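Undergrad: Using the sequences and the accompanying hints, generate a full structural model.
Chains as they are written, first to last, in my numbering: chain F, 958 to 1323; chain D, 958 to 1323.
Everything labelled a hint here was simulated from the structure, so no lab data went into it.
Among the clues, some could well be false.
Because identical chains share one entry, a pair is satisfied inside a single copy or across any pair of copies.
[Claimed, not checked] Subject to a maximum C-alpha distance of 30 Å in a straight line, what follows is the list of computed BS3-like cross-link-like pairs (lysine-lysine):
| id | residue 1 | residue 2 |
| --- | --- | --- |
| 1 | Lys1292 | Lys1113 |
| 2 | Lys1125 | Lys1043 |
| 3 | Lys1272 | Lys1155 |
| 4 | Lys1183 | Lys1287 |
| 5 | Lys1231 | Lys1053 |
| 6 | Lys1272 | Lys1053 |
In this text, all values refer to a predicted model and were calculated from it rather than measured experimentally.
There are 2 protein chains.
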Amino acid sequence: MRYLDEEAIEDIAVGAAFLGTGGGGDPYIGKMMALSAIKKYGPVQLLTTEEIEEDDFFIPAAMMGAPSVLIEKFPKGDEFTRVFQKLGRYLGREVKGTFPMEAGGVNSMIPIVVAAQLGLPLIDCDGMGRAFPELQMVTFHLHGISSTPMAITDEKGNIGIMETISNKWTERLARVSTVEMGASSLVSIYPCTGGQLKTASVKNIVSLSEKIGRIIRSNQQDAEVKLNDLLEATDGFHLFDGKIVDVERGTAGGFNRGCVTIAGLNAYADSEVKVFFQNENLIALKDGLPIALTPDLICLVDLETLNPVTTEGLKYGKRVRVLALPCNSKWRTEKGIETVGPRYFGYDYSYTPVEELVRKAGVTHV
Amino acid sequence: MRYLDEEAIEDIAVGAAFLGTGGGGDPYIGKMMALSAIKKYGPVQLLTTEEIEEDDFFIPAAMMGAPSVLIEKFPKGDEFTRVFQKLGRYLGREVKGTFPMEAGGVNSMIPIVVAAQLGLPLIDCDGMGRAFPELQMVTFHLHGISSTPMAITDEKGNIGIMETISNKWTERLARVSTVEMGASSLVSIYPCTGGQLKTASVKNIVSLSEKIGRIIRSNQQDAEVKLNDLLEATDGFHLFDGKIVDVERGTAGGFNRGCVTIAGLNAYADSEVKVFFQNENLIALKDGLPIALTPDLICLVDLETLNPVTTEGLKYGKRVRVLALPCNSKWRTEKGIETVGPRYFGYDYSYTPVEELVRKAGVTHV
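TA: Here it is in structure tokens:
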């Protein structure tokens, strides 16, 4: 057990945005929300999944929808606790803590806001170990846990409770509500016992985010040393450096969808990488061939600072590095690949772990 | 207080379909559901709004969406009580009875099914005195009553509870869920006290439906005598006789929308009537000029039998009469016209009561 202070929150926001693979929201907005919450309510307790009781009850809180919309619809702050408390009351159980659904600049911070406001601990785990665009794309789903009862709200004050026949139906019904609510909403979903968190979550993701954020935010001036530290901390691979030369995007069905084209720089000068995204980066092709495939993490970072670049921050001329991280092993199962593999998203590639793609291509670690 | 037997149900289904002005569902499907419910559970008590307690609590049950879909998705029967009981439990109040939201072949029958299954009385009132396509189009809305908490379900078993900031938001959010659920859903909405039913409902609509149905189903062989009886019972007007020569329709946004063109017969041979509908008939134009306008009731019936013709039953070659009835006076207020008048639906006509239009045109009662 420990407390998260301002420094920890700054680190977590940046590290979680890195693990958010382009999605999960802007870390600046996220950290401002969390910092103002702990300033007002005091620091937040962080518990590991080993420190919680088997039968205790936990609920996450998260934003759903197109992250780009959040910039225009800055949350008032009470919608997170409203949706969280609504679900708690509906379930009629005392809630002993909260946790993030996914890594991301905003979605790592919302549970900190809720924890601070309600004086609850934050549990060091999430349901993805990264970010994904749809509600059934969580390790809880792979473990057969129901996404409902869930609660959904908007910044205007509309609120709903849903109980569905499948997690895919939760996604369908929550998605149309989210779109109607203005392309973003707040949800509390996948209520879990301590026992379920111990077996079905991705553990220590808050600490890992913090570790990553600390490296990225460090004063280390040598970009290559910093990169090395980052890759070592994440078992990551450095795939490409380049300059963004094209960004196609649109907001369709409540998602940010698109493709970014990166022209190689330095050692990569003769090549081009395309990264396709749906809120999150899903597929990276180098000169037409896959170099990283969902569910492995494809992370775009600033060439110099290594600051994570979210999909809404992609801009012509920006110089970026393309990194890739192996996903949590839960995703590399048959049900995992069926749920979040390339074909689910409509890309005709068989999933191949990034380690194998790297070995085949002879890419080195740095 | 009295009990509704099979004969009463047959009459109510047909009479309510007439008052449904094209919408509210097919009376054959409706009556089959209700008849099988009272066969299994016994007859249903009908109470007037004078016979209920001020502080008692009542919830309606209704179908939402495109009526044409119901024909393909015949309800299993348990979805009506599921949504009704869900809302009752959520509100934590003992429910003392149910009532229809609107007149219609199906929507007059669903509360009878619920009443029979749960041993509750049916209250002789509704929220429209006719049918309308959107959730805020009820007299409860005109009286400032909230549509939520509401419950919504589908035949698959998905279920939701909503609390919204306005009845228009209820319509928006329930509509997108209904479309996603397959263009139809079951809702329990506008929970009311006895006091609210006494002041804000349209009263005696079940009895009126029964009276209308009895006339239409009678053995009277003289069509003109039968028509006269019907117009007398409803303060109605006979506007036109003709043959359907064109039906344009589509299912858009979860509604059946379209226009039927009727070429005059007999005394009307030189004229043409067009009726525009969105689930319900909204506007009738004779040779381009309005002869009846929403919220007044525009009812199409079979030329011989006077059986109501629903929008999904409109067919080329069918011979119909066009009748019109003055709407309940609650609709003829400023808020009423703003909520359901011609301009709300996008028709550039100022509402004029059907009596005035008839007087101006010199149309006689029969």
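Undergrad: If you check each hint against the structure, which ones fail?
TA: 3, 5 and 6
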